[in-house]
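Chemist: What follows is the residue order along each chain.
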Amino acid sequence: MLKIEAIFRPERVNAVSTALLDAGVTGFHYQNVTGQGQQRGVEVVTGRGGQATTRSAVPKTLLVTVIADDKKDEVVEAIVSATRSGEIGDGKIFITEVRDVVRVRTGESGADAI
Amino acid sequence: MLKIEAIFRPERVNAVSTALLDAGVTGFHYQNVTGQGQQRGVEVVTGRGGQATTRSAVPKTLLVTVIADDKKDEVVEAIVSATRSGEIGDGKIFITEVRDVVRVRTGESGADAI
Amino acid sequence: MLKIEAIFRPERVNAVSTALLDAGVTGFHYQNVTGQGQQRGVEVVTGRGGQATTRSAVPKTLLVTVIADDKKDEVVEAIVSATRSGEIGDGKIFITEVRDVVRVRTGESGADAI
Amino acid sequence: MDSGSIAWMLTASALVLLMTPGLAFFYGGLVRAKNVVNTIMYSFIAMALATVVWVLWGYSLAFGPGSAFIGDLSAIGLQGIGIDDGEGVPTLLFVAFQGMFAIITPALITGAFVERFKFTTYLVFLVLWLTLVYAPICHWVWHENGWLWDMGALDFAGGTVVHINAGIAAVAAAMMVGKRRNPGIEPHNVPYVVLGAGLLWFGWFGFNAGSAVAADTLAVSAFIVTNVAAATAALTWGLISHMRTGKMSAVGVATGAVAGLVAITPASGFVGVMGALAIGASAGAICLFAVDIIKGMGLDDALDVFAVHGLGGIIGALLTGVFAVEAIGGTAGVIEGNAGVMGPQIIGILATLGYSLVVTMAILFVLDKIPGLGLRASEAAEDQGMDISAHGERAFVRDGAD
Amino acid sequence: MDSGSIAWMLTASALVLLMTPGLAFFYGGLVRAKNVVNTIMYSFIAMALATVVWVLWGYSLAFGPGSAFIGDLSAIGLQGIGIDDGEGVPTLLFVAFQGMFAIITPALITGAFVERFKFTTYLVFLVLWLTLVYAPICHWVWHENGWLWDMGALDFAGGTVVHINAGIAAVAAAMMVGKRRNPGIEPHNVPYVVLGAGLLWFGWFGFNAGSAVAADTLAVSAFIVTNVAAATAALTWGLISHMRTGKMSAVGVATGAVAGLVAITPASGFVGVMGALAIGASAGAICLFAVDIIKGMGLDDALDVFAVHGLGGIIGALLTGVFAVEAIGGTAGVIEGNAGVMGPQIIGILATLGYSLVVTMAILFVLDKIPGLGLRASEAAEDQGMDISAHGERAFVRDGAD
Amino acid sequence: MDSGSIAWMLTASALVLLMTPGLAFFYGGLVRAKNVVNTIMYSFIAMALATVVWVLWGYSLAFGPGSAFIGDLSAIGLQGIGIDDGEGVPTLLFVAFQGMFAIITPALITGAFVERFKFTTYLVFLVLWLTLVYAPICHWVWHENGWLWDMGALDFAGGTVVHINAGIAAVAAAMMVGKRRNPGIEPHNVPYVVLGAGLLWFGWFGFNAGSAVAADTLAVSAFIVTNVAAATAALTWGLISHMRTGKMSAVGVATGAVAGLVAITPASGFVGVMGALAIGASAGAICLFAVDIIKGMGLDDALDVFAVHGLGGIIGALLTGVFAVEAIGGTAGVIEGNAGVMGPQIIGILATLGYSLVVTMAILFVLDKIPGLGLRASEAAEDQGMDISAHGERAFVRDGAD
Ligand SMILES: Nc1ncnc2c1ncn2[C@@H]1O[C@H](COP(=O)(O)OP(=O)(O)O)[C@@H](O)[C@H]1O
Ligand SMILES: Nc1ncnc2c1ncn2[C@@H]1O[C@H](COP(=O)(O)OP(=O)(O)O)[C@@H](O)[C@H]1O
Ligand SMILES: Nc1ncnc2c1ncn2[C@@H]1O[C@H](COP(=O)(O)OP(=O)(O)O)[C@@H](O)[C@H]1O
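Residue numbers (the working numbering), protein chains in the order written: chain P, 9 to 122; chain C, 9 to 122; chain D, 9 to 122; chain A, -8 to 393; chain L, -8 to 393; chain V, -8 to 393.
It should be emphasised that the hints constitute simulated quantities derived from the structure, not laboratory data.
Please note: incorrect hints may appear among the correct ones.
As the list claims (entries may be wrong) - Below, computed lysine-lysine pairings styled on DSSO-like, alpha-carbon distance capped at 30 Å: (1) K80(C) with K80(D); (2) K79(D) with K11(P); (3) K11(D) with K79(P); (4) K11(C) with K79(D); (5) K286(V) with K360(V); (6) K79(P) with K11(P).
Please read these numbers as outputs of a predicted model, since none were measured by experiment.
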């Protein structure tokens, strides 16, 4: 079982949701984070409007879904296609192994619980 | 060392906190996320009150605690018993391995730092 | 590749950002969480000002960065030095293995994508 | 007709209307984030529903000549009130001004049962309560035929009619609806609480100084004592809060201001600045301690409506009798040697407490039995939050999708 | 000069000014979090820009004697208006009061194009629209030389001049600027919506009762019918919302209140309380259904400006003719047997709809072609949110760094 | 007594009271989320504390006959002021109106030292500052015995007494309390800033037009020039902001409006609409550049109190002399050929700057030395945020537990 963590532009969250559901993912969760990477950041106005400065940390959305190992490529592909714009700041996907999963409602665990 | 990530209904967070402390967990952190799973979602009113639609993504709480390997069953059990209602949407628990832990204050690492 | 998750006092986030960039990290993201550990918590006023109680869960910041294996010590050191006050509540660093990374913009994966 | 008085009473009516959105935010900030829309709507819908009730039959029941106990249906639908009727100010302006009081009084009660009361039942409750509780008490106190008016009970701007009445109805409601399953310990939005208190303070000038029903020296006196009592009570509450906890709670200071405003309400046309200082200090101190005592009694009057409005109103009604200055409102108080003023004050308080408690409980008892109504939202609705369950709305949407 | 009337008109002018921050929050709460600053600024900047336009040439074009179609430049920069000029109230006070209307009218339009309109273009649009659309229609309806005034069209406080005008301009704008790329489904902040509605309701007393331009019985009548129509429409909307969805949307109730306020605007000096009940109920029901119908037509009038203001204004203008009471405003309506009043009402509506639609589209057409302007923010700006892209600001900063 | 003037002055007093909650949100939105409750409370508690000081001894010191430099204790506790005293409007109404100025002036100062000043010390500071700085300067300028009044210095509504005074006291406070450890770069809540600015603008009509102390043509003139100056300054600031950064900062536009309101304050009873346009444009441009210059000087006047209020007040005081129109306020200015008016204006500015700077610094110096007081919150308190450390409250609670 794998945990896929994807960080991307907030306005893409609906597209990602749809793509994941299409790819047969059973569930996911997401939240707003502040991200910093190669993207130069966003220009914000300071000094009450008199000056502008670049804020390197920008709003991003972090989405997490746990999937079966064999779904990895499909899911990564789904996320990439829903988030790629080709501009710096598109985001990254991190993949880690999950040892176990438990579904609270039923007590099922392992692959059945995904 | 294991990382336990539990996603559950927001109103259960106090019950989970208490259960974890009772189970001897040393610390945890939690945050609000938006989650989507088998739960049909919540009905929201749109069109200024004229229509209702189902929003599939619902507010959930994600709680993370890092524990020693041998505490796994106890902790999972604590979370399950504090969050299970038997209805769809109760949530899931994901378990991953942690390679190392560092306590900032003391510089301790490994199991001592948990 | 390693995922470094650091939890620390919110007012340290700028110091941590700077330290990480100095340490050559390529990116990171952070968010507000509520944390509970050994720290006794903060005193909050209740009963409309008539009484005070201790709220054990306190605001913390959780920062995540994915790095190459060989950067581990440098990055941990950078975070520790930016967050240590010596008081209870300084926070913890959790280190987990990452199986793969994908950069959405280019499709690169593995170490190149970090 | 005096255009200056019309100008002031138009303004005062608008100010009192604004108190209800103020209350919505004052209460709304105190609950948890998942119940803020519901809490706000308890107040906001009163602006709609109480206004309709008021012009259809409420005004007539309250201010129609009727008997010593209730008005009549002579002015139903405001029939027979011409645009030029009235002395000093047009009757229609008095109708409008008083209508704003009929809005905020039931809205005050809602603080007792937030986070769990069924919204549709609330709508029915509001109509019945205005008709069966508010209108009669209003008639007793403010109509020249009313038995309390006749007895000489002093209530310049609504200490009994509005605050004691709402405060004891809140007790009835808290008892009938029961405790919250899982009450929070911190308000979800302190700035909203202060915003609400600010709007209430601002609007209260209309409430009290408007109760002179003229732009005259009595209105001015009511204005300044209102400000002084609010200030003194806020300060008293803040200082005691600081002494007890080492911190000066903003919610405490805001609540203190409201307690002071409540207490000066019946007194505002009768007492001077020194009386206002005393009334403010008393309300600030007593209501603060009452909050804890009542919580200790196990009654889940969630937002302390009785401690602040009920008790604040009682303090004000009693101290009106103590500090009344003949040169101001035409009636001397105990300090000026007229102990006789206390009797009607006490009778007024007791009558309001008794009548409102009993009739409010009876209304709720009946509503609880009616199929399809019932007092309490389902457990699932309460857990999920009343915003989603009763209104289909989340107060704050800030996830990725915005 | 009458000091009471001055007092009321000063107050009324301040109240109408406050409506624009109210609108800013009403609209601001409805959009997504990444566009709230921009939405608020569309309104707030109108307080600055429209005021300057108004005193420089807007007032003169609207209220200078001129012809039947437009004023003239005789009072440019308010020249020639002395501090003591005027009867009843000073002319300068009428200028100030009317200036507040010139602020809110273009601000109303912005609800149609939020989340995507280019901010700099909006500034130019506002100046042109006030000059070419607002000032002439204002002159037609409210100047004694205006052709609609002359014909006897009744518009007490701006049903045509403000609401129909803004509503149809919103249609023009929504058509010209096109749909949002990715509209949200939930408002980002419901408390802001209710706060805004509360401030609007409060300020609207100045709008309608101030349109009597005196502290007299007509102002009082306008005050009370305003309150009744707002209440009735809010209630109607809320109840229908509850019947349709099983939940009473707070946004719905707030919108209903606004629809009621819109509809009573032209009628407020002509109808009585019963008329107000009917107008409120009609507006609450019809505008609610219109929201869905218009959405179904594929027009992205984002915040339903036409359904609420355009249609609400039309309902109000028509029902003014139906329910006008001679004893109140001097003109009998259809119910009192004077069917002749409907002709001018209908002509006034059609003329406003036609003129405003065509000229607004023409202005936007030209602005779209001007290099450096253009109507639409870039796709990147729209995706990122207008707050960062147009103002360099995030509404809410609450990450670790605060 | 004139009921119209009473009506207006009651309203104006309420409006000025509302400015302080407005300021609380204007300032509160600008700080970081962990300090918003504290920032709001600096203002809100002034409504309580300053009111008590004012009625106990502040009014007497400011407006008792006394000498050329300070009033006396003849009206301590408002003794001797009867309900019917006064001409035009009751004396008690003047007391109430002026009391609102005594609330907002110290609240303005707090913008300098937010996010680090010790709250309990602030309470003591407020009492001393009102007594030792505000009351004397108020007496100099607005009492007929005051030496600046006597010299003919013009300050219609408080350019020197309120704004220059608070602005320079802010400099003293920023110097004495030192820089923040870790200032943020973005306001935490832009809508709060705009809400605050909206309420300030609205309330300022009471501040300036109320300073006519009557519902007369002078009040009307003050009303309209207030609106024009606010609008012009907001627009000027916004346009320069846009030229410099390519984006029109909402915080900038809101600040510009406040700068314009400040600058027109002393002038509002003396200048016409053209003067107001010039004053607004000057304040909008100069204050904007001053913000950067003062930041560059290393003074951590956190919310730019001197740049906006100090400098805005100076600009206003000087341009009052330039643009005064005899037909409006009875005094001709430089443009009408009366250069002599400038002397007293300059002396008034300098005297206020000097006296307030020195005495404010002296008060803070002493408070810093008193055991248990001290100016600065602990480093831990500052890091954690003043909301938790001084008030035991978090502004926004939205984690799982709500
Ligand atoms: N090594 C990393 N660890 C954690 N998050 C990262 C890392 N690198 C990038 N990110 C996240 O991904 C976002 C996009 O990265 P960025 O470098 O700006 O663009 P791109 O992925 O297109 O090269 C960043 O804002 C940051 O939140
Ligand atoms: N595969 C998954 N990966 C990540 N989160 C998941 C996954 N499946 C479910 N979740 C989370 O768990 C929550 C509950 O899941 P759901 O399927 O609705 O109910 P249940 O767990 O009772 O079957 C979801 O809202 C979602 O946030
Ligand atoms: N085992 C754990 N799992 C997850 N988070 C933890 C754990 N222990 C501590 N934390 C987080 O670290 C924060 C600091 O921990 P605490 O025990 O208070 O202080 P210290 O790290 O100085 O001993 C806590 O608020 C909590 O958020």
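Chemist: Each hint should be assessed against the structure and marked as holding or not.
Modeler: We went through each hint and held it up to the structure:
Distance hint between K80(C) and K80(D) is fulfilled; the C-alpha atoms sit about 27 Å from each other, no more than 30 Å. At roughly 23 Å between alpha-carbon atoms, K79(D) and K11(P) fall within 30 Å of each other, so this suggested pair holds. For the suggested pair K11(D) and K79(P), the alpha carbons sit about 22 Å apart, so the restraint of at most 30 Å is met. Restraint check for K11(C) and K79(D): the C-alpha separation of about 22 Å stays at or below 30 Å, so the hint holds.
Our distance criterion of 30 Å between C-alpha atoms is met by K286(V) and K360(V), whose separation comes to about 28 Å. Taking the CA atoms of K79(P) and K11(P), the gap is near 11 Å; set against the 30 Å cutoff, the hint holds.
In terms of the numbered hints stated before, the structure departs from none.
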